[in-house]
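Chain by chain, the residues run as shown.
There are 4 protein chains.
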Amino acid sequence: MILRLAHVEVAVDDLDAAHGFYVGLLGFVEHSRDGGRLLLRGCEELDCWSLSLVERGGPGLTHSAYRVAVRADLDELEALHARLGLATERLPAGHEPGHGPLLRVATPDGHRSEFVHEIDEIDPYVEGRLALPMRRPAAHPGGVPPTRIDHVSLRVPGVAESLRYWCDTLGFSASELWLREDEQPHIAWIRRQTRSHDVALGEAPEPAFHHFAYAVADAAALVRAADLLGDARQQQRIEWGPGRHGATNALAMYVRDPAGNRLELYAGDYARDLDRPPLRWRVPDYRLQGHSWWGFPAPDSFGETAPLLEPDSPASARA
Amino acid sequence: MILRLAHVEVAVDDLDAAHGFYVGLLGFVEHSRDGGRLLLRGCEELDCWSLSLVERGGPGLTHSAYRVAVRADLDELEALHARLGLATERLPAGHEPGHGPLLRVATPDGHRSEFVHEIDEIDPYVEGRLALPMRRPAAHPGGVPPTRIDHVSLRVPGVAESLRYWCDTLGFSASELWLREDEQPHIAWIRRQTRSHDVALGEAPEPAFHHFAYAVADAAALVRAADLLGDARQQQRIEWGPGRHGATNALAMYVRDPAGNRLELYAGDYARDLDRPPLRWRVPDYRLQGHSWWGFPAPDSFGETAPLLEPDSPASARA
Amino acid sequence: MILRLAHVEVAVDDLDAAHGFYVGLLGFVEHSRDGGRLLLRGCEELDCWSLSLVERGGPGLTHSAYRVAVRADLDELEALHARLGLATERLPAGHEPGHGPLLRVATPDGHRSEFVHEIDEIDPYVEGRLALPMRRPAAHPGGVPPTRIDHVSLRVPGVAESLRYWCDTLGFSASELWLREDEQPHIAWIRRQTRSHDVALGEAPEPAFHHFAYAVADAAALVRAADLLGDARQQQRIEWGPGRHGATNALAMYVRDPAGNRLELYAGDYARDLDRPPLRWRVPDYRLQGHSWWGFPAPDSFGETAPLLEPDSPASARA
Amino acid sequence: MILRLAHVEVAVDDLDAAHGFYVGLLGFVEHSRDGGRLLLRGCEELDCWSLSLVERGGPGLTHSAYRVAVRADLDELEALHARLGLATERLPAGHEPGHGPLLRVATPDGHRSEFVHEIDEIDPYVEGRLALPMRRPAAHPGGVPPTRIDHVSLRVPGVAESLRYWCDTLGFSASELWLREDEQPHIAWIRRQTRSHDVALGEAPEPAFHHFAYAVADAAALVRAADLLGDARQQQRIEWGPGRHGATNALAMYVRDPAGNRLELYAGDYARDLDRPPLRWRVPDYRLQGHSWWGFPAPDSFGETAPLLEPDSPASARA
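Here the protein sequences line up with chains A, B, C and D, keeping their order.
Letter by letter, the first sequence follows residues 452 to 770 of the working numbering.
Letter by letter, the second sequence follows residues 452 to 770 of the working numbering.
Letter by letter, the third sequence follows residues 452 to 770 of the working numbering.
Letter by letter, the fourth sequence follows residues 452 to 770 of the working numbering.
These are calculated hints, taken from the structure and not from any lab test.
Bear in mind that the values here come from a model prediction, so they are computed numbers and not experimental data.
Worth double-checking, as some hints may not be accurate.
Beyond 12 Å from chain A on every Cβ pair, some chain C residues (computed) [claimed, not checked]:
| no. | residue |
| --- | --- |
| 1 | E572 |
| 2 | G694 |
| 3 | L739 |
Cβ-Cβ distance ranges computed for the label pairs, FRET-style [as the list claims (entries may be wrong)]:
| no. | chain 1 | residue 1 | chain 2 | residue 2 | range |
| --- | --- | --- | --- | --- | --- |
| 4 | A | Y576 | C | A683 | 27 to 35 Å |
| 5 | A | G622 | B | P608 | 35 to 43 Å |
| 6 | C | S483 | A | A655 | 56 to 64 Å |
| 7 | B | R738 | D | P548 | 39 to 47 Å |
| 8 | D | L725 | C | A749 | 53 to 61 Å |
| 9 | B | G486 | A | R631 | 27 to 35 Å |
| 10 | C | L535 | D | D571 | 51 to 59 Å |
Glycine is no exception: its CB is placed at the ideal position from the N, C-alpha and C atoms.
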């Protein structure tokens, strides 16, 4: 059983610039920097990391990863993908730092996913006392800061077909749908936990990467994020927001990192059981009220996507 | 499989006073008022109601109710409680308005629980358009408002024994524990979803009711709640807070309703998988930092509890 | 000595629609509605009213009004305007409800101002106790609410010339200036109290009315305002924001009322003594960072202005 | 004419500890540290500093300082104090770093005040562009941060007598009064600008120092301040709050610095002209609703005061 989104791996072109942006400006917590790879987490996460930034010519996404309930789920998911004729690969414990054995798969809609059960948590105790577990880190008082990974937004060439894989086969549940006039889904928000989504699937000519999202505490944290960018004379990195989404009911702001990857900072959300029917947004509601409950439109650049990149091979494994 | 807390039923002594407080002042959304019973929900809930206030000599709790994944879970839970020698009762669809068939049980630690699968949702569409689903209701712009039911806090005569029932038998997972010097739990926060808790179990001589909690949007909503109470010259209803809990990391305020029931307004929280080990708070951390991260103590009255009341019998069923 | 902006009078085309918007949706406090005139105030004001809405074919501005330190200031201001060859008019106590004797003048840049000393305050006591003076009104818990009038933004055909009147003659102090490449001011923010401005003067071909502004408590109140508009399906009334201004450092949102008048909701600001030199914004900073510290531009419609309307004459005085 | 409170000088026992607390934890901006003196300001102030911390056995207050409109006001104030038989002293430009000539006086109620006109402002431009004037400093993204000095709270042996000096002689205006049953003032909030106060005068057996206050942006900043103290395991420094004052309508939190000085962090406030009559709080309203609009009382330690210390003499002048 899939539990939730666990991490994303995003390509950047300059790891120093990425470090300055994610750690220095926004306040992500650094787990490690090794070779061309920077591993980060939000300040309330106990998982040792949830964002992998690799220096290999970004922007782009190599894969998203999902935690499963027990290790045996990997066998079941391997068999399931084999039955579908999709490539799978087992990677040993430690291939991802702090992670147990992995299953890597090609999805039918052109993406790569990893499944994993064991993810090391950081030790929440210092000298026997709880030391700020899931809290604002005393060691890094600046920044926004982001609290935890929230979702990844993928572009797929057929949302309806993708939902057959993600929902009917993998057990994701659609929380909200934006329907075209022909009642076919144009964007689907799907999840394995009770918030609005782990993954968003949006229609596009080719598989591609739209954005990834981290939660922040509240509206005040979004204001702080926007102010930090303005104060650093980087207001041009803000692509949309802060604003309220109709779909998902979140307060959100989209920011471009120095490599051009789109990061959403996300506050709010709701809880609803997985067996409930999805909320359905219809044209012409969506553009005005589904995307932007406060009415201001996304800029043209919001349609841009980043490519999907090949993950590294075991032969080039990160030791 | 139990999904989450679904509702609580709380006794009040004056339903008009309760209506003024919960609906008029705090901004709960009214589902129905019928006979001596007022059914309410938070403004982001689609479940038709999550709080039942009954006029029968409060303060007190009759029962808490939990949603299960499929109707067949009721049979399984009935058999499980029978094996434990605990009283069970099946109640027909409609016994609780808008609910399907129920299983009512006596818990081994002296409480009453209901399990139910079918709970009607409100229609989120008006004239074919999404009408503020899970949002601030246009029809009720005042109040705080509370967004959704969060948890119930029960007192039990032995937390360790209670955890054997709630966790080992029913499948709840402890997120945080306050341990005594003998390493036995004094308070346990347990859940079936990934937030910190559906239920808190605290040690006490007898089974009793400590409080129930509704989520609010953020710190600003808590400030607004405190201001509304002050403006209405009801500041004496505020028992503790607003303040930050160490355990659960929530911003919270405890308020006494006109009957004396303790309502917690709750902002913040975090997400963590159910299979993770609980965070452990130890004396002397707890009083200073577990309960009150900002250091100010709870008043003596915070130790007071309210009684458990008999639920109505089917013979006196609410038609 | 002029103390501050006291009120503005704005024209609307439908007083019922204005009442629904200002009182019903945004939470302005109603002082009175009489004939074609609705008098309102913010929830923290003790002045009996600060916004006059008149039903006479809006959008448009008839005048802005300023409180003076003593009644004798009216004589001095009358003489001063006479020396400048500008029309003046004395109006008796009660011409504006709750106001003492007024001096009405034509400004050299095409606007009308009123000066007044006596403005009735509401009684802040109920049964001998302070009843929410300068606070959130218990009688009107909905809405944003706006707290107090902040400033009025006028368009004038020559900002440099206007500053000679407003600053050199009347004693206003410029807090911030947006300078053109020739170092001439394009917009000036001027004040008689220590916040950033009572009046903004912006260059335009003809004298005109750009917007008026009310303060709100904080960023959370701006979010609430935007949500209330979205929930009411009036998101199209939001013209810009919520966002951060560079100039004045305020969080702000511009909203069009049903008649088309532009209302700014304004949070933040700072304090600086009147004798300090103005902060100077220069091209190309202004469009990106002076107007929008977060980078998103104002829409084209933000250039639109509303006309200046003739004030009523004493002959048609409001009895 | 006195404009406003300009700075306070507070005694600490350990300047390193003070630096860690004020700069490292809370985010005050450092102007200079020289010998035993640390000069700080809030992040929105252009005045070069507003808080002087001197290492000389705190807690305690040496003096508070007030800015006047023109330098000639010093002569007038010197004559005025001489007529009252009060000691005065002229100090040259540079005695206080970045300040022009000073007048130091003994007040009739046992305090020391300084009056000054010239206070250097920091240069708000970097390479010709406005560099975050009156804003969150990019160079110090952590901390709360405090924005500007707000007020100082003094204890005096007779509030009614003190008001004759501060209001009738110096021209301060009382915004709010807490009256005893005999209608005599027990605490007075007085100001020379339009916010609620520059100075609070509270009744006590001897002249003493109660607290000084800095403004913060909003409720979210207060929550952040409390969290930073909790995260640093310094929650015992929080003496009261965060909470709402009835008098002044501010959100506030009182914190003890490492030397024991009481610092108030203060959000909210209002504006009212100086000629308006004071709001009058009466027993028994004050304790419940004047001090604490949310109802929770101040601890006994809130009655403690710190001593008044002799200012340094010109002979020991800071070169």
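Ascending list of hint numbers which this structure does not respect: 2, 3, 4, 8, 9 and 10
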